[in-house]
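Based on the sequences and whatever the hints tell you, model everything.
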Amino acid sequence: MLDDRLNHGTRFAFGAGGIPETLKNSVWDMFILFYFTQVLQLPGALAGVAIAIALTVNALVDPSIGSYSDAMPVTRLGRRQMLMAIAAVPFAISFTLLFWAPETLSKTATFIWLVVFAVIARVSISLFTIPYYALGVELSRNRYERPILTAFRSVGTSLGRMVMPIVAFTFFFAASPEFPNGQLNRAAYPRFAAMISVVSLLLMAWCIWGTNARSKEIERRVTRIGTVRKVPSLAVTFSQIVHAFRSTRNVRWQVLLGVFMFISLGVLNVYTLHLCTYYWRLTPEDIRNVSAALPPGGLLAALLARYYVPYIEKKRLMLTCILLYGLVVLVPIAGPLTPLFPGPGEPMQAPLLIGFKFMAGFFYGAFLTTSATVAGDVADELELNCGEPRQALLSSFTFFTMFAASAVVNIAAGIFLDVIAFPVGLPVAQVSVDTSDKLAIFSCIVIAFAVSGVAFVVSRLEISAEKQRLINERLEARYTLAAQNASA
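Its first residue numbered 2, the sequence shown is counted upward by one per residue in our numbering.
The hints are simulated quantities; they were obtained by calculation from the structure and are not laboratory data.
It is possible that some hints are incorrect.
Stated by the list, open to error - Taking lysine-lysine and the DSBU-like style, the derived pairs with C-alpha atoms no more than 30 Å apart in a straight line are:
id: 1; residue 1: K468; residue 2: K315
id: 2; residue 1: K468; residue 2: K217
id: 3; residue 1: K316; residue 2: K468
id: 4; residue 1: K439; residue 2: K108
Model, not experiment: these values are computed from the prediction.
So, in C-alpha coordinates, the structure goes:
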(Lines of atoms letter the chains of each structure in order from A; the text may use other names.)
(Lines give C-alpha, C1' and ligand atoms only; values in the text may rest on other atoms or scores of the structure.)
Protein backbone atom coordinates (compact mmCIF):
# COMPACT_ATOMS: atom_id res chain seq x y z
CA MET A 2 0.00 0.00 0.00
CA LEU A 3 2.83 2.43 0.80
CA ASP A 4 4.19 1.92 -2.73
CA ASP A 5 0.88 2.38 -4.57
CA ARG A 6 0.87 4.53 -7.70
CA LEU A 7 -1.62 7.41 -7.97
CA ASN A 8 -4.11 8.44 -10.63
CA HIS A 9 -3.86 11.74 -12.48
CA GLY A 10 -6.86 13.21 -10.67
CA THR A 11 -5.08 12.91 -7.33
CA ARG A 12 -1.83 14.19 -8.82
CA PHE A 13 -3.41 17.28 -10.38
CA ALA A 14 -5.37 18.11 -7.23
CA PHE A 15 -2.23 17.78 -5.15
CA GLY A 16 -0.32 20.00 -7.56
CA ALA A 17 -3.03 22.67 -7.29
CA GLY A 18 -2.52 22.77 -3.51
CA GLY A 19 1.00 24.12 -3.87
CA ILE A 20 -0.10 27.24 -5.75
CA PRO A 21 -1.75 29.24 -2.89
CA GLU A 22 1.42 29.18 -0.77
CA THR A 23 3.44 30.10 -3.86
CA LEU A 24 1.17 33.02 -4.71
CA LYS A 25 1.34 34.25 -1.12
CA ASN A 26 5.14 33.92 -1.06
CA SER A 27 5.60 35.55 -4.47
CA VAL A 28 3.41 38.53 -3.62
CA TRP A 29 4.85 38.81 -0.12
CA ASP A 30 8.46 38.63 -1.29
CA MET A 31 8.07 41.01 -4.21
CA PHE A 32 5.64 43.57 -2.81
CA ILE A 33 5.37 43.61 0.98
CA LEU A 34 8.52 45.59 1.84
CA PHE A 35 8.18 47.77 -1.27
CA TYR A 36 4.49 48.53 -0.60
CA PHE A 37 4.95 49.54 3.01
CA THR A 38 8.20 51.49 2.52
CA GLN A 39 7.92 53.07 -0.94
CA VAL A 40 4.14 53.37 -1.26
CA LEU A 41 2.96 53.86 2.35
CA GLN A 42 6.31 55.46 3.31
CA LEU A 43 6.80 53.45 6.50
CA PRO A 44 10.46 53.66 7.62
CA GLY A 45 12.47 50.64 6.48
CA ALA A 46 13.50 49.61 10.00
CA LEU A 47 9.86 49.69 11.20
CA ALA A 48 8.67 47.71 8.20
CA GLY A 49 11.46 45.16 8.68
CA VAL A 50 10.63 44.74 12.37
CA ALA A 51 6.90 44.38 11.66
CA ILE A 52 7.53 41.72 9.02
CA ALA A 53 9.98 39.96 11.35
CA ILE A 54 7.36 39.90 14.15
CA ALA A 55 4.86 38.24 11.82
CA LEU A 56 7.45 35.72 10.64
CA THR A 57 8.55 34.95 14.21
CA VAL A 58 4.99 34.31 15.40
CA ASN A 59 4.46 32.14 12.33
CA ALA A 60 7.64 30.18 13.06
CA LEU A 61 6.70 29.58 16.70
CA VAL A 62 3.18 28.41 15.88
CA ASP A 63 4.10 26.05 13.03
CA PRO A 64 5.47 23.11 15.10
CA SER A 65 2.20 22.98 17.05
CA ILE A 66 0.26 22.93 13.78
CA GLY A 67 2.40 20.05 12.56
CA SER A 68 2.08 18.06 15.79
CA TYR A 69 -1.68 18.67 15.90
CA SER A 70 -2.10 17.54 12.30
CA ASP A 71 -0.12 14.33 12.91
CA ALA A 72 -2.23 13.45 15.96
CA MET A 73 -5.71 14.35 14.68
CA PRO A 74 -8.17 11.45 14.40
CA VAL A 75 -9.70 10.66 11.03
CA THR A 76 -12.70 12.91 10.35
CA ARG A 77 -15.26 12.89 7.55
CA LEU A 78 -13.06 15.35 5.70
CA GLY A 79 -9.75 13.71 6.64
CA ARG A 80 -7.31 14.77 9.35
CA ARG A 81 -5.05 16.62 6.92
CA GLN A 82 -7.89 18.19 4.93
CA MET A 83 -9.80 19.36 8.00
CA LEU A 84 -7.09 21.85 8.96
CA MET A 85 -6.63 22.79 5.31
CA ALA A 86 -10.33 23.65 5.03
CA ILE A 87 -10.32 25.68 8.26
CA ALA A 88 -7.47 27.80 6.91
CA ALA A 89 -8.93 28.87 3.57
CA VAL A 90 -11.36 31.71 4.35
CA PRO A 91 -9.32 33.43 7.12
CA PHE A 92 -6.32 33.49 4.78
CA ALA A 93 -8.29 35.03 1.91
CA ILE A 94 -9.75 37.80 4.08
CA SER A 95 -6.58 38.70 5.97
CA PHE A 96 -4.34 38.66 2.89
CA THR A 97 -6.68 41.06 1.10
CA LEU A 98 -6.78 43.43 4.09
CA LEU A 99 -2.99 43.33 4.39
CA PHE A 100 -2.74 45.40 1.19
CA TRP A 101 -5.81 47.53 1.95
CA ALA A 102 -4.40 49.89 4.59
CA PRO A 103 -6.51 53.08 4.93
CA GLU A 104 -4.84 56.30 3.79
CA THR A 105 -5.61 58.01 7.12
CA LEU A 106 -3.37 55.70 9.18
CA SER A 107 -0.43 57.19 11.04
CA LYS A 108 2.98 55.50 10.83
CA THR A 109 2.34 53.75 14.15
CA ALA A 110 -1.08 52.56 13.01
CA THR A 111 0.40 51.40 9.69
CA PHE A 112 3.00 49.40 11.62
CA ILE A 113 0.25 47.76 13.71
CA TRP A 114 -1.87 47.10 10.59
CA LEU A 115 1.07 45.31 8.98
CA VAL A 116 1.77 43.19 12.07
CA VAL A 117 -1.84 42.15 12.72
CA PHE A 118 -2.88 41.15 9.21
CA ALA A 119 0.50 39.67 8.35
CA VAL A 120 0.29 37.40 11.41
CA ILE A 121 -3.26 36.26 10.60
CA ALA A 122 -2.48 35.67 6.92
CA ARG A 123 0.71 33.76 7.57
CA VAL A 124 -0.66 31.55 10.36
CA SER A 125 -3.76 30.82 8.26
CA ILE A 126 -1.75 29.71 5.24
CA SER A 127 0.40 27.54 7.51
CA LEU A 128 -2.76 25.74 8.67
CA PHE A 129 -3.21 24.78 5.03
CA THR A 130 0.36 24.24 3.86
CA ILE A 131 1.84 22.18 6.70
CA PRO A 132 -0.83 19.43 6.46
CA TYR A 133 -0.54 19.74 2.67
CA TYR A 134 3.18 18.96 2.70
CA ALA A 135 2.57 16.03 5.07
CA LEU A 136 -0.08 14.83 2.65
CA GLY A 137 2.54 14.73 -0.09
CA VAL A 138 4.70 12.37 1.97
CA GLU A 139 1.79 10.07 2.78
CA LEU A 140 0.05 9.75 -0.60
CA SER A 141 2.75 7.41 -1.94
CA ARG A 142 6.26 6.34 -0.93
CA ASN A 143 7.05 4.67 -4.23
CA ARG A 144 10.49 5.77 -5.46
CA TYR A 145 9.08 6.50 -8.92
CA GLU A 146 5.76 7.98 -7.78
CA ARG A 147 7.25 10.36 -5.22
CA PRO A 148 9.26 12.37 -7.81
CA ILE A 149 6.16 12.51 -10.03
CA LEU A 150 4.02 13.80 -7.17
CA THR A 151 6.71 16.30 -6.23
CA ALA A 152 6.91 17.34 -9.88
CA PHE A 153 3.16 18.01 -10.00
CA ARG A 154 3.54 20.27 -6.97
CA SER A 155 6.55 21.96 -8.57
CA VAL A 156 4.62 22.47 -11.81
CA GLY A 157 1.85 24.12 -9.81
CA THR A 158 4.23 26.37 -7.93
CA SER A 159 6.10 27.26 -11.12
CA LEU A 160 2.85 28.23 -12.83
CA GLY A 161 1.94 30.35 -9.81
CA ARG A 162 5.28 32.15 -9.88
CA MET A 163 5.05 32.68 -13.63
CA VAL A 164 1.48 33.93 -13.81
CA MET A 165 1.65 36.25 -10.79
CA PRO A 166 4.05 38.89 -12.20
CA ILE A 167 2.46 38.68 -15.65
CA VAL A 168 -0.98 39.40 -14.21
CA ALA A 169 0.37 41.95 -11.73
CA PHE A 170 2.25 44.13 -14.22
CA THR A 171 -0.22 43.70 -17.09
CA PHE A 172 -3.51 44.38 -15.32
CA PHE A 173 -2.69 46.09 -12.00
CA PHE A 174 0.72 47.82 -12.09
CA ALA A 175 1.07 48.70 -15.76
CA ALA A 176 2.61 52.08 -16.59
CA SER A 177 0.21 55.01 -16.88
CA PRO A 178 0.61 58.77 -17.42
CA GLU A 179 0.09 59.32 -13.69
CA PHE A 180 2.29 56.40 -12.60
CA PRO A 181 5.08 55.59 -15.11
CA ASN A 182 6.20 53.03 -12.49
CA GLY A 183 2.87 51.35 -11.83
CA GLN A 184 4.11 49.59 -8.68
CA LEU A 185 3.95 52.98 -6.96
CA ASN A 186 0.17 53.21 -7.54
CA ARG A 187 -1.39 52.70 -4.12
CA ALA A 188 -4.92 52.15 -5.47
CA ALA A 189 -3.88 49.03 -7.41
CA TYR A 190 -2.82 46.97 -4.39
CA PRO A 191 -6.23 46.17 -2.80
CA ARG A 192 -7.68 44.90 -6.08
CA PHE A 193 -4.56 42.85 -6.77
CA ALA A 194 -4.58 41.25 -3.29
CA ALA A 195 -8.30 40.44 -3.57
CA MET A 196 -7.72 38.65 -6.88
CA ILE A 197 -4.88 36.59 -5.39
CA SER A 198 -7.07 35.66 -2.42
CA VAL A 199 -10.02 34.46 -4.53
CA VAL A 200 -7.80 32.35 -6.80
CA SER A 201 -6.08 30.82 -3.76
CA LEU A 202 -9.43 29.97 -2.19
CA LEU A 203 -10.58 28.07 -5.30
CA LEU A 204 -7.29 26.15 -5.57
CA MET A 205 -7.43 25.16 -1.90
CA ALA A 206 -10.91 23.74 -2.41
CA TRP A 207 -9.76 21.71 -5.44
CA CYS A 208 -6.81 20.24 -3.53
CA ILE A 209 -8.93 19.27 -0.52
CA TRP A 210 -11.58 17.62 -2.66
CA GLY A 211 -9.24 15.86 -5.09
CA THR A 212 -6.89 14.23 -2.57
CA ASN A 213 -9.52 13.31 0.01
CA ALA A 214 -10.27 9.71 -0.96
CA ARG A 215 -6.66 8.52 -1.13
CA SER A 216 -5.56 10.29 2.06
CA LYS A 217 -8.49 8.97 4.10
CA GLU A 218 -7.70 5.43 2.94
CA ILE A 219 -4.17 5.80 4.31
CA GLU A 220 -5.30 7.58 7.49
CA ARG A 221 -7.78 4.84 8.37
CA ARG A 222 -5.02 2.26 8.18
CA VAL A 223 -2.66 4.29 10.35
CA THR A 224 -5.43 4.89 12.89
CA ARG A 225 -6.43 1.22 12.89
CA ILE A 226 -3.01 0.09 14.02
CA GLY A 227 -3.01 2.61 16.86
CA THR A 228 -0.32 5.03 15.76
CA VAL A 229 -2.52 8.14 16.15
CA ARG A 230 -3.39 9.21 19.68
CA LYS A 231 -4.94 12.22 21.39
CA VAL A 232 -4.03 15.74 20.34
CA PRO A 233 -0.72 16.63 22.03
CA SER A 234 -0.12 19.47 24.47
CA LEU A 235 2.62 22.05 23.97
CA ALA A 236 4.86 20.03 26.29
CA VAL A 237 4.31 16.90 24.20
CA THR A 238 4.99 18.85 21.01
CA PHE A 239 8.26 20.13 22.47
CA SER A 240 9.29 16.62 23.49
CA GLN A 241 8.49 15.38 19.98
CA ILE A 242 10.72 18.09 18.51
CA VAL A 243 13.59 17.17 20.85
CA HIS A 244 13.18 13.47 20.07
CA ALA A 245 13.15 14.14 16.33
CA PHE A 246 16.46 15.99 16.54
CA ARG A 247 18.02 13.35 18.78
CA SER A 248 16.79 10.24 17.00
CA THR A 249 17.37 11.25 13.37
CA ARG A 250 20.55 13.06 12.41
CA ASN A 251 19.20 13.94 8.97
CA VAL A 252 16.48 16.03 10.62
CA ARG A 253 19.15 18.35 12.02
CA TRP A 254 20.79 18.74 8.62
CA GLN A 255 17.40 19.23 6.98
CA VAL A 256 16.62 22.15 9.27
CA LEU A 257 20.02 23.75 8.70
CA LEU A 258 19.59 23.29 4.96
CA GLY A 259 16.40 25.32 5.16
CA VAL A 260 18.11 28.14 7.04
CA PHE A 261 20.78 28.71 4.38
CA MET A 262 18.44 28.10 1.46
CA PHE A 263 15.86 30.59 2.61
CA ILE A 264 18.50 33.22 3.42
CA SER A 265 19.87 33.00 -0.13
CA LEU A 266 16.39 33.11 -1.63
CA GLY A 267 15.00 35.60 0.90
CA VAL A 268 17.41 38.46 0.29
CA LEU A 269 16.91 38.14 -3.47
CA ASN A 270 13.12 38.16 -3.14
CA VAL A 271 12.98 41.01 -0.64
CA TYR A 272 15.00 43.28 -2.91
CA THR A 273 13.59 42.08 -6.24
CA LEU A 274 11.35 45.08 -6.84
CA HIS A 275 13.95 47.50 -5.48
CA LEU A 276 16.62 46.07 -7.81
CA CYS A 277 14.29 45.99 -10.82
CA THR A 278 13.07 49.54 -10.23
CA TYR A 279 16.17 51.40 -9.04
CA TYR A 280 19.22 49.23 -9.95
CA TRP A 281 18.41 47.75 -13.35
CA ARG A 282 15.86 50.58 -13.88
CA LEU A 283 13.45 48.41 -15.81
CA THR A 284 10.09 49.51 -17.13
CA PRO A 285 6.98 47.82 -15.67
CA GLU A 286 6.78 45.70 -18.85
CA ASP A 287 10.39 44.58 -18.47
CA ILE A 288 9.85 43.85 -14.77
CA ARG A 289 6.91 41.66 -15.77
CA ASN A 290 8.96 39.81 -18.39
CA VAL A 291 12.05 39.35 -16.24
CA SER A 292 10.04 38.20 -13.21
CA ALA A 293 8.01 35.81 -15.35
CA ALA A 294 11.18 34.19 -16.77
CA LEU A 295 12.07 32.41 -13.51
CA PRO A 296 9.06 30.04 -13.25
CA PRO A 297 9.31 28.51 -16.76
CA GLY A 298 12.77 27.29 -15.82
CA GLY A 299 11.35 25.72 -12.68
CA LEU A 300 8.48 24.29 -14.70
CA LEU A 301 10.89 22.63 -17.13
CA ALA A 302 12.90 21.18 -14.22
CA ALA A 303 9.70 19.79 -12.70
CA LEU A 304 8.47 18.26 -15.96
CA LEU A 305 11.81 16.49 -16.44
CA ALA A 306 12.13 15.41 -12.78
CA ARG A 307 10.86 11.87 -13.33
CA TYR A 308 13.73 11.31 -15.76
CA TYR A 309 16.60 12.39 -13.53
CA VAL A 310 15.64 12.33 -9.81
CA PRO A 311 15.22 8.52 -9.47
CA TYR A 312 18.39 7.80 -11.46
CA ILE A 313 21.02 10.32 -10.29
CA GLU A 314 22.56 10.22 -6.81
CA LYS A 315 20.63 12.89 -4.90
CA LYS A 316 23.49 14.55 -3.04
CA ARG A 317 25.48 15.02 -6.24
CA LEU A 318 22.42 16.36 -8.02
CA MET A 319 21.60 18.83 -5.24
CA LEU A 320 25.20 20.09 -5.00
CA THR A 321 25.43 20.63 -8.75
CA CYS A 322 22.11 22.46 -8.90
CA ILE A 323 22.74 24.79 -5.94
CA LEU A 324 26.19 25.84 -7.16
CA LEU A 325 24.92 26.56 -10.67
CA TYR A 326 21.94 28.42 -9.18
CA GLY A 327 24.28 30.62 -7.15
CA LEU A 328 26.32 31.41 -10.25
CA VAL A 329 23.42 32.44 -12.48
CA VAL A 330 21.87 34.52 -9.68
CA LEU A 331 25.04 36.42 -8.81
CA VAL A 332 26.16 37.26 -12.36
CA PRO A 333 23.23 39.61 -13.24
CA ILE A 334 23.47 41.34 -9.84
CA ALA A 335 27.25 41.78 -9.84
CA GLY A 336 27.54 42.28 -13.62
CA PRO A 337 26.22 45.87 -13.82
CA LEU A 338 28.87 46.89 -11.28
CA THR A 339 31.37 46.33 -14.12
CA PRO A 340 31.47 47.78 -17.67
CA LEU A 341 30.85 44.29 -19.10
CA PHE A 342 27.10 44.08 -18.42
CA PRO A 343 24.55 46.17 -20.39
CA GLY A 344 23.22 49.17 -18.49
CA PRO A 345 19.68 50.54 -18.15
CA GLY A 346 18.03 51.15 -21.51
CA GLU A 347 20.59 49.19 -23.55
CA PRO A 348 19.03 46.66 -25.96
CA MET A 349 20.63 43.55 -24.45
CA GLN A 350 19.89 44.30 -20.79
CA ALA A 351 16.39 42.85 -20.51
CA PRO A 352 17.09 39.76 -22.71
CA LEU A 353 20.17 38.91 -20.62
CA LEU A 354 18.25 39.30 -17.37
CA ILE A 355 15.48 37.10 -18.77
CA GLY A 356 18.01 34.44 -19.77
CA PHE A 357 19.70 34.38 -16.38
CA LYS A 358 16.33 34.31 -14.61
CA PHE A 359 15.26 31.32 -16.68
CA MET A 360 18.45 29.42 -15.85
CA ALA A 361 18.10 30.34 -12.17
CA GLY A 362 14.56 28.99 -12.25
CA PHE A 363 15.70 25.73 -13.83
CA PHE A 364 18.53 25.03 -11.39
CA TYR A 365 16.51 26.16 -8.38
CA GLY A 366 13.54 24.07 -9.54
CA ALA A 367 15.72 20.99 -9.98
CA PHE A 368 17.21 21.57 -6.54
CA LEU A 369 13.79 22.01 -4.92
CA THR A 370 12.29 18.97 -6.62
CA THR A 371 15.20 16.80 -5.52
CA SER A 372 15.30 18.21 -2.00
CA ALA A 373 11.54 17.64 -1.67
CA THR A 374 12.03 13.93 -2.34
CA VAL A 375 14.87 13.95 0.19
CA ALA A 376 12.56 15.60 2.74
CA GLY A 377 10.08 12.78 2.14
CA ASP A 378 12.84 10.22 2.71
CA VAL A 379 13.83 11.95 5.96
CA ALA A 380 10.18 11.95 7.05
CA ASP A 381 10.03 8.18 6.47
CA GLU A 382 13.23 7.71 8.49
CA LEU A 383 11.82 9.83 11.31
CA GLU A 384 8.58 7.83 11.35
CA LEU A 385 10.59 4.62 11.55
CA ASN A 386 12.66 5.94 14.44
CA CYS A 387 9.68 7.42 16.32
CA GLY A 388 7.24 4.56 15.76
CA GLU A 389 4.46 6.86 14.57
CA PRO A 390 3.79 9.50 11.86
CA ARG A 391 5.74 12.75 12.13
CA GLN A 392 5.29 14.05 8.57
CA ALA A 393 3.52 17.30 9.46
CA LEU A 394 5.88 17.98 12.36
CA LEU A 395 8.84 17.65 10.01
CA SER A 396 7.10 19.90 7.47
CA SER A 397 6.68 22.49 10.21
CA PHE A 398 10.46 22.46 10.74
CA THR A 399 10.86 23.52 7.12
CA PHE A 400 8.48 26.42 7.58
CA PHE A 401 10.02 27.32 10.94
CA THR A 402 13.45 27.68 9.34
CA MET A 403 11.99 29.53 6.35
CA PHE A 404 10.22 32.06 8.55
CA ALA A 405 13.10 32.43 11.00
CA ALA A 406 15.55 33.04 8.15
CA SER A 407 13.09 35.40 6.45
CA ALA A 408 12.64 37.33 9.69
CA VAL A 409 16.39 37.91 9.92
CA VAL A 410 16.58 38.84 6.24
CA ASN A 411 13.68 41.31 6.45
CA ILE A 412 15.06 43.02 9.54
CA ALA A 413 18.49 43.29 7.92
CA ALA A 414 17.00 44.44 4.62
CA GLY A 415 14.84 47.10 6.26
CA ILE A 416 17.67 48.39 8.44
CA PHE A 417 20.06 48.44 5.50
CA LEU A 418 17.64 50.64 3.53
CA ASP A 419 17.72 53.13 6.40
CA VAL A 420 21.50 52.87 6.86
CA ILE A 421 22.16 53.83 3.24
CA ALA A 422 19.37 56.46 3.45
CA PHE A 423 17.50 54.91 0.53
CA PRO A 424 15.11 57.62 -0.70
CA VAL A 425 11.35 57.19 -0.35
CA GLY A 426 8.80 58.41 -2.85
CA LEU A 427 11.30 59.91 -5.32
CA PRO A 428 11.09 59.32 -9.09
CA VAL A 429 13.50 56.62 -10.25
CA ALA A 430 15.71 59.10 -12.10
CA GLN A 431 16.41 61.00 -8.85
CA VAL A 432 17.79 57.93 -7.01
CA SER A 433 21.57 57.91 -7.33
CA VAL A 434 23.39 55.00 -8.97
CA ASP A 435 25.72 54.79 -5.96
CA THR A 436 22.77 54.17 -3.64
CA SER A 437 21.29 51.38 -5.77
CA ASP A 438 24.77 49.83 -6.20
CA LYS A 439 24.97 49.39 -2.42
CA LEU A 440 21.82 47.24 -2.54
CA ALA A 441 23.43 45.03 -5.19
CA ILE A 442 26.67 44.60 -3.22
CA PHE A 443 24.79 43.73 -0.03
CA SER A 444 22.67 41.18 -1.93
CA CYS A 445 25.71 39.53 -3.51
CA ILE A 446 27.49 39.08 -0.16
CA VAL A 447 24.48 37.50 1.54
CA ILE A 448 23.63 35.21 -1.40
CA ALA A 449 27.22 33.96 -1.76
CA PHE A 450 27.39 33.17 1.97
CA ALA A 451 24.05 31.36 1.98
CA VAL A 452 24.70 29.28 -1.15
CA SER A 453 28.03 28.14 0.35
CA GLY A 454 26.16 27.11 3.49
CA VAL A 455 23.63 25.10 1.46
CA ALA A 456 26.41 23.24 -0.34
CA PHE A 457 28.11 22.36 2.95
CA VAL A 458 24.90 21.04 4.55
CA VAL A 459 23.96 18.95 1.50
CA SER A 460 27.35 17.27 1.67
CA ARG A 461 26.55 16.14 5.24
CA LEU A 462 23.19 14.47 4.51
CA GLU A 463 23.10 10.67 4.93
CA ILE A 464 20.83 9.56 2.09
CA SER A 465 20.87 6.80 -0.54
CA ALA A 466 18.47 4.73 -2.61
CA GLU A 467 19.43 1.57 -0.72
CA LYS A 468 18.82 3.18 2.67
CA GLN A 469 15.40 4.37 1.56
CA ARG A 470 14.48 0.92 0.22
CA LEU A 471 15.26 -0.63 3.61
CA ILE A 472 13.24 2.04 5.45
CA ASN A 473 10.19 1.41 3.26
CA GLU A 474 10.46 -2.35 3.77
CA ARG A 475 10.61 -1.96 7.56
CA LEU A 476 7.67 0.45 7.61
CA GLU A 477 5.58 -1.87 5.42
CA ALA A 478 6.43 -4.83 7.66
CA ARG A 479 5.50 -2.83 10.76
CA TYR A 480 2.09 -1.85 9.36
CA THR A 481 1.38 -5.38 8.15
CA LEU A 482 2.28 -6.97 11.51
CA ALA A 483 0.24 -4.42 13.47
CA ALA A 484 -2.79 -4.94 11.23
CA GLN A 485 -2.54 -8.73 11.68
CA ASN A 486 -2.32 -8.34 15.46
CA ALA A 487 -5.31 -5.98 15.48
CA SER A 488 -7.47 -8.45 13.53
CA ALA A 489 -6.40 -11.49 15.60
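For each hint, the structure was consulted:
1. K468 / K315: Answer holds: K468 to K315 is near 12 Å, not above 30 Å.
2. K468 / K217: Holds: K468 and K217 sit about 28 Å apart, inside 30 Å.
3. K316 / K468: The given pair, whose Cα atoms are some 14 Å apart, holds under the 30 Å limit.
4. K439 / K108: holds, 26 Å
Checked against the numbered hints given earlier, the structure satisfies every one of them.
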